[in-house]
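**Student:** Sequences are here, hints too, so could you generate the full structure?
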Amino acid sequence: MIRFILLVNKDGQSRLSRYYYNIVGEDRQNLERDVISKCLLRSKKECSFLEYQNMMLIYRRYMSLFFIVGVGGDENELSILEFIQNLVETFDRYFNDVITMNVEKAYMILDEMVLNGHILETSKNRVLAPIYATEKN
Amino acid sequence: MPSSKSDTMRGLAVFISDIRNCKSREAEIKRINKELANIRSKFKGDRQLDGYGKKKYVCKLLFIFLLGVDIDFGYMEAVNLLSSIKYTEKQIGYLFISVLINHSHDLMKLVIQSIKNDLNSGKPIHISLALNCIANVGSPEMAEQLASEVPRILVGSDTMDTVRQNAALCLLRLYRVSPKILPPGEWTTRIVQLLSDKHLGVVTAACSLIYEVARDNPDDYKNCVPLAVSRLSRIATANYGDLQDYTYYFVPAPWLSVKLLRLLQTYPPPEDPAVRARLHECIEAVLNRAMEAPKSKKVQHSNAKNAVIFEAISLIIHYDNDPDQMVRACNQLGTYLSSRETNLRYLALESMCSLASSEYSHEAVKKHQSTVIQALKSERDVSVRQRAIDLLYAMCDKTNAMEIVEEMLNYLKTADYSIREEMVLKVAILAERYAVDYTWYVDTILRLIGIAGDYVSEEVWYRVIQITVNRDDVQGYAAKTVFEALQAPACHENMVKVGAYILGEFGNLIAGDGRSSAGTQFELLHSKFHFCSTATRAILLTTYVKFINLFPELKGQIQKVLQSDNQIRNADVELQQRCLEYLRMSSVASAEVLNTVLEVMPPFPERESSILAKLQKKKSVINNKNLADGAANANTTNTTAKPPAVPAPIPAAPTANAVTNNTPAPVVDLIGRESIVVTPSTTIDGVNAGALLVDVFAEAEPKLPQQNNEVITQDNSDKFLTKHNGVLYESSTIQIGVKSEFKQSTGTLNIFFGNKTNFQLAGFTSVVERSADLQNHILSFFNLIV
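Those protein sequences? They're chains A and B, same order as listed. Following this note's numbering, the numbering of the first sequence begins with 1 at its first residue and continues without gaps. Following this note's numbering, the numbering of the second sequence begins with 1 at its first residue and continues without gaps.
These are calculated hints, taken from the structure and not from any lab test. From a predicted model like this one, the values you see are computed outputs, not experimental measurements. Check each hint, because a few of them may be wrong.
[Said to hold, decoys possible] Here are a few chain A residues that face chain B, going by a calculated C-beta distance under 8 Å:
(1) GLN29
(2) SER79
(3) LEU81
(4) PHE83
(5) HIS118
(6) SER123
C-beta atoms are modelled at their ideal positions from N, C-alpha and C, and glycine is treated no differently.
**Tutor:** Written out as structure tokens, the structure reads:
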């Protein structure tokens with residue numbers, strides 16, 4: 001299952017974070033710091049999977065943004081990698097520009113796609129339909 | 001687009017841009033505090049905030065929380081938002097709650113009440129929001145109170161598809177928190193039916209749910225297998241137009257396929273031949289797709305396609321029953337090994353590791369050996385190199401052992417420090433397991449010590465010594481090699497330890513050669529003496545006394561060394577003791593006595609290697625089968641302060657080696673003071689309510705009815721004044737035998753308990769107690785072997 005999803009810029013500040021297990025306060029900050037520093041240091045030639053404590057980190061870089069997903073157990077790494085791509089494309093379609101996104105809408109979209117650490121919906125149309133619907137509300 | 005709508009909370013956008021424009025952390029904090037004060041006053045204000053205002057401020061609070069500041073107010077307002085009718089307000093409220101609240105918060109009850117209202121509201125979007133919240137928070141109270149609602153929504157016929165999806169994963173969360181809400185049998189069939197739903201989103205969610213639940217109750221959910229297979233085959237053979245929404249870069253429903261394949265891995269291959277055939281076809285289709293020309297050049301397409309392929313290969317490995325498919329999988333992985341993408345190489349190496357251990361595909365895996373070795377040398381990424389090492393270890397067998405060990409040794413020279421110890425253990429295991437010619441084995445271990453001496457743990461070099469002692473053919477070669485190795489200017493301390501031991505035992509075999517004459521050997525060893533730690537020096541001293549026996553001509557020289565103040569008054573007690581005793585022994589004992597005492601070490605009893613155990617312990621897999629006989633370890637008079645290597649721990653049993661001194665104290669003392677008390681506790685498996693033995697040596701009668709206590713303690717203990725082995729005590733229920741050996745300052749006492757009854761003994765322990773005055777004289781270690 002997915003443990004957490006983080007979105008950070010290249011300076012290491014987190015723009016979006018979603019945790020699917022109980023972790024609070026200082027632990028959360030330490031985890032973030034650790035994970036972010038590890039991923040930012042990787043070069044292009046190295047593979048996108050990293051073992052960290054008892055989970056696997058899967059990350060992908062889009063210009064100045066890093067998407068980092070931590071998975072526990074034995075998830076299929078490539079599928080998560082592509083899920084990140086899917087997520088980015090969905091954001092792209094909605095916001096037209098991933099960098100300047102509206103934070104709470106981003107959470108709404110994320111919540112439509114991942115629930116409780118499992119991938120819920122992968123079709124962009126289906127995900128964005130309720131979001132568009134709320135705008136009319 | 002969003003920015004022109006009325007509920008965009010422009011205040012929030014302004015705030016966010018302010019923060020982003022802040023030049024420094026202090027400026028940020030100042031701005032945040034200003035905003036916090038503003039919000040606080042608004043919330044406390046007399047005027048009731050309208051929905052929009054509340055929403056705006058709660059949202060700001062959420063954002064501030066994300067920046068890393070803890071929020072301690074605003075919860076009440078968020079909960080109020082939950083009861084609003086407007087969707088956006090409700091949504092912000094739920095968002096705030098699910099991100100910030102923890103289980104024991106006071107407002108939980110209110111939240112749960114709101115959730116219940118929403119669940120029953122009949123409006124799908126509200127129900128979805130509520131379900132989302134439950135899934136994200138998932139406290140035990142929620143589980144209790146909402147346990148009946150959620151499954152009902154899940155299988156209800158009038159629920160919307162999207163709501164059903166959410167309900168499935170929500171149920172999963174609640175199940176994890178309290179498994180009893182899904183008792184086996186009640187909802188099973190209906191949940192399994194969800195796999196055939198026409199809405200693929202529902203299937204995806206249901207699949208995740210079933211995967212988790214089936215892991216806990218596999219029998220209950222085994223009907224999901226045929227449904228999963230049929231769904232999978234429909235996807236695999238689908239036309240690209242069919243699954244419109246779920247086709248991702250020309251790959252049909254990749255995530256769902258991966259999930260279904262994963263679900264199938266929790267079950268053995270299906271028994272029904274029709275289902276099995278269909279599954280087989282499916283897997284073939286998936287593998288075929290790898291061969292087809294890619295429909296798109298984009299990396300997303302290939303990643304998605306490959307994700308499904310890797311999962312299918314995992315399934316093949318799990319089933320382990322179809323040689324053709326396994327070979328095919330192996331070949332597919334082979335092509336990935338040479339792919340340009342690092343990710344694919346990494347995953348291929350990992351999958352191949354599991355393939356290598358199966359009998360069907362082992363040969364096929366070996367074909368890729370040279371590719372793997374090439375990867376080891378040329379990969380930039382250290383984690384990929386590590387996988388390559390794991391794979392080489394797994395694919396090693398008699399035919400390629402020498403080559404693989406050679407490669408691993410080469411890699412060891414430049415390897416990362418964190419993995420060196422594991423690698424050393426692996427090389428040692430491989431060398432021993434596949435050695436045809438033991439001179440090669442000795443060579444390899446010595447090279448190992450030379451390359452990575454610090455990481456060579458004790459088990460490794462104990463083992464090489466054991467093997468050398470046990471095999472006559474290798475002894476001369478070992479002595480010669482060790483001698484040469486010691487001549488290197490900077491040789492590792494472990495090398496000195498091994499060298500000292502081997503030369504001490506077999507130095508005479510090479511003394512004939514001028515270059516390695518007795519005197520040269522002694523000088524070589526002694527030149528290292530002062531650079532070594534106490535433990536090594538202790539071994540060297542023992543070697544010196546063995547030299548006195550082997551090479552009488554050196555006696556004077558060695559005695560002078562032993563006599564020097566450095567040794568006799570050495571600060572370490574062990575060294576001092578050895579020095580004095582050896583000195584005395586060499587001057588007092590005649591040549592024959594000396595010869596007997598310092599006779600060549602007899603062969604060690606064959607037993608399991610403790611190295612394997614250490615490797616697996618390192619990988620935190622406890623292997624209870626490998627248990628070295630502690631007695632033999634004590635016989636090697638090597639270490640002093642550290643206890644001899646303790647192999648894989650059995651979870652319950654304490655481990656240590658029994659040692660006692662060999663002063664001629666009356667053996668009655670040994671029995672009397674070291675009373676062996678049997679206490680009831682649970683250390684033995686196979687417990688049947690059999691005879692319970694309480695106190696063997698006590699005068700009180702044991703509690704068994706037909707007990708005829710023949711206490712022959714006294715007789716037998718006298719026996720032990722003159723002999724080492726025998727029966728110590730015997731009664732109709734138990735027989736206790738003793739076998740002891742003493743060598744120099746260490747001895748081993750093995751006590752065997754034999755069960756003479758027809759029942760199994762339950763709760764048997766033995767405890768060794770030492771009286772106070774003996775405590776100071778005995779350095780003891782205990783080992784309980786079952």
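**Student:** Hint by hint, work out which the structure violates, then give me just those numbers in ascending order.
**Tutor:** none
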